[in-house]
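2 protein chains.
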Amino acid sequence: MTGLALIEAAAARLDGHARVTPLLNAPLLDAVAGRRIFVKAECLQLTGSFKFRGGWSAISALDDSTRARGVMAFSSGNHAQGVALAARRHGIPAVILMPSDAPKVKIANTRAYGAEVILYDRATEDRDAIGARLTQQRGLTLVKPYDDPQVIAGQGTTGLEIASQAREAGITRATVITCCGGGGLTAGIALALEPAGCFDVRPAEPAGFDDVARSLATGQIQRNAAATGSLCDAILTPSPGAITFPILNRLCGPGLVVTDDEALKAMAVAFAHLRIVLEPGGAVALAAALFRDDLPDTVICTASGGNVDPETFRMALAAGP
Amino acid sequence: MTGLALIEAAAARLDGHARVTPLLNAPLLDAVAGRRIFVKAECLQLTGSFKFRGGWSAISALDDSTRARGVMAFSSGNHAQGVALAARRHGIPAVILMPSDAPKVKIANTRAYGAEVILYDRATEDRDAIGARLTQQRGLTLVKPYDDPQVIAGQGTTGLEIASQAREAGITRATVITCCGGGGLTAGIALALEPAGCFDVRPAEPAGFDDVARSLATGQIQRNAAATGSLCDAILTPSPGAITFPILNRLCGPGLVVTDDEALKAMAVAFAHLRIVLEPGGAVALAAALFRDDLPDTVICTASGGNVDPETFRMALAAGP
Chain A
1 MTGLALIEAA AARLDGHARV TPLLNAPLLD AVAGRRIFVK AECLQLTGSF
51 KFRGGWSAIS ALDDSTRARG VMAFSSGNHA QGVALAARRH GIPAVILMPS
101 DAPKVKIANT RAYGAEVILY DRATEDRDAI GARLTQQRGL TLVKPYDDPQ
151 VIAGQGTTGL EIASQAREAG ITRATVITCC GGGGLTAGIA LALEPAGCFD
201 VRPAEPAGFD DVARSLATGQ IQRNAAATGS LCDAILTPSP GAITFPILNR
251 LCGPGLVVTD DEALKAMAVA FAHLRIVLEP GGAVALAAAL FRDDLPDTVI
301 CTASGGNVDP ETFRMALAAG P
Chain B
1 MTGLALIEAA AARLDGHARV TPLLNAPLLD AVAGRRIFVK AECLQLTGSF
51 KFRGGWSAIS ALDDSTRARG VMAFSSGNHA QGVALAARRH GIPAVILMPS
101 DAPKVKIANT RAYGAEVILY DRATEDRDAI GARLTQQRGL TLVKPYDDPQ
151 VIAGQGTTGL EIASQAREAG ITRATVITCC GGGGLTAGIA LALEPAGCFD
201 VRPAEPAGFD DVARSLATGQ IQRNAAATGS LCDAILTPSP GAITFPILNR
251 LCGPGLVVTD DEALKAMAVA FAHLRIVLEP GGAVALAAAL FRDDLPDTVI
301 CTASGGNVDP ETFRMALAAG P
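Protein sequences, first through last, are from chains A and B. Going left to right, the first sequence walks through residues 1 to 321 as our numbering numbers them. Going left to right, the second sequence walks through residues 1 to 321 as our numbering numbers them.
To be clear, the hints were calculated from the coordinates, so they are not data collected in a lab. Watch out, some of these pointers could steer you wrong.
Unchecked claim - Only some residues are given here: those of chain B computed to face chain A with a beta carbon under 8 Å: (1) Leu-24; (2) Cys-43; (3) Leu-85; (4) Arg-314; (5) Met-315.
Quantities reported herein were computed from a predicted structural model and do not represent experimental measurements. All C-beta atoms in this analysis are idealised placements derived from N, C-alpha and C, irrespective of residue type, glycine included.
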């Protein structure tokens, strides 16, 4: 159901629509880190995160009449924006259910991409019930944020690019650290890199929200105790998915965990040495590469998103590199 | 002495050493600007500015024995870093004369790239005399910041990439706005784009330091009244060069002028919509594209550098998009 063939088919559909993002590095970053670090800058992807890939992949895989009725997504922000722009560029309606406490910039941008945004209260309202009613009433197709083979395939195109760019950079062996929420990006990259046989894939998560690390350690899906409480809003999913976890369990690990302060410091390092803007959840992989010890000489990190409020970015600049 | 052949030869020498930077765009940037804007993100170049291209081009063009004795540069920062890293990667010494009031991050980075940095006081010391003594004593070759055919050729490789990337993006006609100091980047890009016949090249400068705009308007080299007094430190050169000006005069104009506040706002726009870090001098072209009116539907801007202190970046975030 998932695999390299699906990822390659997604890559063909994304060609000319998604951006091939650069694999960045910097001598001064390597000096700070004490190892070679390469950063797959998905913050430079359309809509500012890798989520455009999965959104485009899922929408472009629908049959014409289903697609024409439109799509729906649940998202705190990056998946929302990715699906919204992919829908607009397919000329179809998108309805996005967003928690009312999602970052302001993500809500505003999702609307600016032309989606109908419906806000709900995480504490008192049932997102799934609202979503089910809307999909039924309007004939919308739900584009899940990660537990969908075509979404995983879309995110996996990031991995195809990493393989090709690593080869061009002369990298023969590396650990690839991913920013991991529900595991769509991580599973897709792991599947895409599997044939090369020279990459270990390790998910990074915020402390307190290390469901994937604990799931990998126990071999069983574990859940987070809380749904909020980290700056890394983009990757605070409750648990790995029924489709993503078996892939992660077969191909990835062990998980890496970083604090919010380390994520902020990684944002400051990316500002100073790579001149890219990262959001906290998009900086956890770089934070792990900078601040965890059990890593090899060459590390490739996903910088998975850069949709961040100025206030949070000021916190990162204050945290210093 | 300068021309397309020299630029193509420089491109061959830079291949595999400099980065091919992406040509970025964003639907929400276009919505804010009211026109299509593409940004050539040279802030993502090695050392954080296009200056690495010219440094590499000049050093790689020297004969072996001259090169082995080392190079010297005068620079407030970006040329310093470009020459420093290009020298280190050629395995040769670099001495960089920097004004003591240059941005701290640029001085620190130039040292971190392995150069010997000598600071001088702009007000009381004679940079040229210090430089002449050192080049003579040590047999160093001076790499000028812009008025050198091989430096112009190196910067011109940016233009070759713009031509190719514009073609891929389906752009058939555009105004290319450059961040312009002494005119090395602008002259190089104009020469590289001349054969295509579908690009106008217009230099952008900070208000009060519009020597190039006035020189183009009068057909004679004009000088700035002051040497400091703008946030755009990277492009505060006294006048266009003896080699660059005839090229600019033949191929470019009219010049565009933006305020420091507009440059800060452009940095905030680039932060929000492109997720790249720009310094004020690297944002003047985008500022012109955002805030000047006499421009066509499609504009390509150089984002020429991203070496900025956190304090200045905080000012940009506060200035708002």
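Hint by hint, here is what the structure shows:
1. Leu-24: Result: holds, 6 Å to nearest chain A Cβ.
2. Cys-43: Status holds, d = 4 Å.
3. Leu-85: holds, 7 Å
4. Arg-314: B:Arg-314 check passes; min Cβ-Cβ to chain A is 6 Å, inside 8 Å.
5. Met-315: violated, 11 Å
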